[in-house]
Amino acid sequence: MKKKTSAGKILRRLRPYTGLLLLALLCAVASVTLTLLIPVLIGRAIDNIIAKGRVDFEAVARILGYIGISVVGMAVSQWLMNQLINIISYKTVRDLRRDIFRKLNSVPLSYIDTHPHGDLISRVINDVDAVGDGLTQTFLQLFSGIVTIVGTLVFMLTIDWRIAIAVVVLTPMSLFVAGFIGKLTHRRFTEQQLLQGDISSYVEEHVGNQRIVKAFSYEKRAFEEFEKYNERLYTVGFKAQFAGALANPTTRFVNACVYAAVGIIGALTVISGGLSIGGLSCFLTYANQYTKPFNEVTGVLTQFQTALAAAQRVVEVLDEQDEADPGSGVIPDCGGNVRIENVSFSYSPDKPLIENFSLEVKSGSHVAVVGPTGCGKTTLINLLMRFYDVNEGRILLDGVDIRTIPRDELRKNYGMVLQDSWLFCGTIMENLRYGNENASDEEIIAAAKSAHAHSFIRKMPKGYQTMISEGGGNLSQGQKQLLCIARAMLTDPKVLILDEATSSIDTLTESRVQRAFAKMMKGRTSFVVAHRLSTIRESDVILVMREGNIVEQGTHEELLDKKGFYYELYNSQFSG
Amino acid sequence: MIKLRRFLYDYKKEVIIGPLCKLFEAVLELLVPLVMANIIDVGINELHDPSYVWRMGALMVLLAALGLSSALFCQYFASKASQGAGTKIRRALFEYINSLSHAELDRLGTPSLITRITNDTNQVQQNIAMCIRLLTRAPFIVAGSLVMAMTINLKLSLIFFAAALLIGLTLYFVMSRSVPIFTLIQKKLDRIGVISRENLEGNRVIRAFSRQKEECGRIDAATEELARTAIRVNALSALLSPVTSAVTNFAIIAIVWFGAVNVSAGSMQTGEIVALVSYMTQILLAMVVVANLVILMTKGSASAARINEVFETKPSVVEKNHEDITVKENSAKIEFKNVSFSYGDGDDELSGISFEIGRGQTVGIIGGTGSGKSTLVNLIPRFYDATDGAVLVDGVDVRDYPFALLRGQIGIVPQQNVLFSGSIRENLKWQDPDCSDEDIIKALKIAQAYEFVSKLPEGIDSRVEQGGKNFSGGQRQRLCIARAIVSKPGILILDDSFSALDFATDAALRKALRENTEGMTVLIVTQRCSTVMDADKILVISDGVLEGAGTHEELFAGCGAYREICLSQLKETEAVR
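Residue numbers (numbering that gives the first Met the number 0), protein chains in the order written: chain E, 0 to 575; chain L, 0 to 576.
No wet-lab data here; the hints were simulated from the structure. Treat the hints with caution; some may be incorrect.
[What the hints assert, rightly or not] Calculated cross-link-like contacts (lysine-lysine; reagent style DSSO-like; alpha-carbon spacing at most 30 angstroms): (1) LYS411(E) <-> LYS212(L); (2) LYS212(L) <-> LYS102(E); (3) LYS219(E) <-> LYS319(L); (4) LYS87(L) <-> LYS8(E); (5) LYS444(L) <-> LYS562(E); (6) LYS238(E) <-> LYS11(L); (7) LYS458(E) <-> LYS336(L); (8) LYS561(E) <-> LYS11(L); (9) LYS350(E) <-> LYS454(L); (10) LYS227(E) <-> LYS87(L); (11) LYS227(E) <-> LYS313(L); (12) LYS428(L) <-> LYS227(E); (13) LYS570(L) <-> LYS562(E); (14) LYS487(L) <-> LYS219(E); (15) LYS332(L) <-> LYS219(E); (16) LYS521(E) <-> LYS448(E).
Turn these sequences into a full structure, and let the hints guide you.
Next comes the structure, spelled out in structure tokens:
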């Protein structure tokens, strides 16, 4: 049931192409009819060639002329049909990919956080392809198959109904055989697919982390384990391949039997005078033609199944709820006053995280957030940016509840650098310009200088025009962080958020970058999350978090004087 | 493709017999129209004998049955040879990748290596099966049909040659034009994959910068380009089947016409025309198969080339198999003698570094981002080889050690805290598969990980997901530390291994390490000076050069670079103690 609705949803996307689709169907009917007509004409031509001296050349020429016309017509309509279907299917695929992509950019962030990215990408790439192939190509093959079967049947009946019935009775045998083998193979293929998945993840783990494998001299054991998977894949793969390969010869065998049967019955009918030789020749061609679509249809049905499964995965994503964004509020000139009122939040209901949390941050203050891992520091950032919305309470920016402000509007006021430094494939220049399209080259270089990225960028082979490979593989973690900092500096934000933004940068460079930030953020609000206490010593206020709550707050000196949790944290670094 | 043939050596029997079976089937198939022609010409036209028709009909069924069984044999051999060769290729790839060193892994890239073991090998495997099954059959059917046609009527067979030539030309035309476009399509699809991945990984940043619209623009352009290219190439390949069928049908028209002339002249019989027509149809079908096969082969050879590329990559760090290593007991544990290193053709990452580390010492290595700290420690277990100078462990050049002996005595905690899927116990047994539970628990305690592990419902048998995703960064780091110390290695290398730990845990861990690593030489790479303050020796690295070596007090007084680092993190009073 669910499958059907998802297929329906996908089919509805074909609506813009209804005209093209109808045209394609028309071409299919034309090409099939002509394909079927040709053997009849050939048969008639042969009937006019009886024996020595008994050839009606005029009739043969006329009929051959008809055949010629039909052949041209058939070829043209076939090509047109193929072309139309290609256009429809590739455009549908394109539309689907765009829709999923848009969806992924509008679903709540929690969806992306909780779904494996490899799987989502596979939906965008593989599943959409399968849908494209399946729902359009198979649709057409199925259609032309059915037209061929019906057409052949009609043609055969007009020639000789007895032989026709024999063919009709015999052909479904191949369907039956194909179905049986299909069932047999399906299980083995699923098994093979599963093992393939296992072996892929094993390889991904152990080849992906070769360094560690080497460090622990684990190569031999990894190889032995891999061999176990590999051997199993061999056994299962062999069975699957062999079972799958059975279908073709066996259906061919059935067809050959049908062919022989038609030959025998036909010849007997000819002897008893009920059929011409030309009629027989044409029948033999039909016997072949009639059985072929049955084979194809069985093949197509499995492909159709795959397409349906893929469609379901695609529709699953498309059916996701968009992030609600009803707000229309604006903050004309953001001052950077942040107020958090009795906020509660948790990612999953059974694990409470932040409870009844309140905080007031005056415009222009530099706030640092510290605390042990998992205490909710990053969550706080998630809430401020509205990556997630609070469960209870509210967050106010300049006195406006941030849930009433459209997310885009809200985020324009923030500049953010995250722990995971994300850069895209493109030149360094393009990456830096990401947050501010209008930045001039000079501004970009200036920002890179304040982020202390200029010197290493200059040393790269093509300077600012150096391409960053996927995932930024050609840069060290620290360099990536410096680029992200430069990128954020260019946006000239009202509120700055740094979430472990300098964790991989050495402390000297860090303190220089901090000075640049301090200059830029004069009179503006900033939030800094950090592990390194040296990073935050100069902040106006330090929030010490523990288990989702603020346990202490104050300046570095005040907190040390308090001799509380912060004091413990701070001094622990010397106690070793 | 040909270069991979060695993987088929064990399947000689299958590779030879398989196609032979297929050939036999094709021969039988070619006989069928002849039998049919006999039914018409002899059974009907001459004898009018139903029993002859029956006999010939039975012969056809018999031919079909024989064909079926030989086809099944062929499939059996094809499956066996292809799966077997695929398995061998996967095994060889995996083993070979294990022998490559870091420099080659960096260059080839792990995601690409993974695809080569999985997708590319599958592609090649499928190709082998296809070749065994079809490569001989289709050309044979074409050739056989031609021969048969020639035996029936030499002159009329000229039409066959003309048709085959025309179809061949069409095939060539379409293939030569479309194959390059197919590679292009693959590239464009990759691009969509890249954009999608970037959008998922960087979703926070994209949303933070409100760049969704621009990102959608990027995907729109990429998908449009793909659709255009795909439609363009398919306009070409869509030609293939209409053109071939038009050519064959025109050939049939010619056959019927000239056949009519011959029959009229008495040099031919009607049944022979019917037979010729069905041979022509068989050629048509075979040609379609050849076309598909050619597409498959081009894809397959691309994969084969990717696999070969791996095999042709020579590991830069080669193991020497010296049986007798004479360890010098009274030498320094680790010694760097004027070591320089560069990755490929770039500037030197390290230059002229010399130092000694005594047995049982704890040494801190400190320096700025990209100063070469990690590179330096990577030279000790020979992840890379020094470009100049020598690294010695126990007085012996590391290049003279067998890998297992060298790496077996080194415990490493890498920068990236990766755990493997399995249980905690399995992960901790990586260095030494025979270590006891007591050893494991002790290591966990030293690594400050026992507290949270023991709270897990299944303790050290708890499952670790791939990459250790079900543990927090700090927990992962502690488990990685435990993994490195469980077998009590002679040398322990901690490469920035405390970055995810808060200061309290960091300190407790260092204390426990010091108390429990009697005789262990410990190298700590870090950016926190508080972490190395108590070390026996501190090495200060800056831009690949050793700026200073000594104790905290010595360096703080005498090394400007070190003093600067300390003061950026600590107050003078804290640093002086």
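- Item | Hints not upheld, ascending by number | Violated hints (numbers, rising): 4 and 8; every other hint is consistent with the structure.
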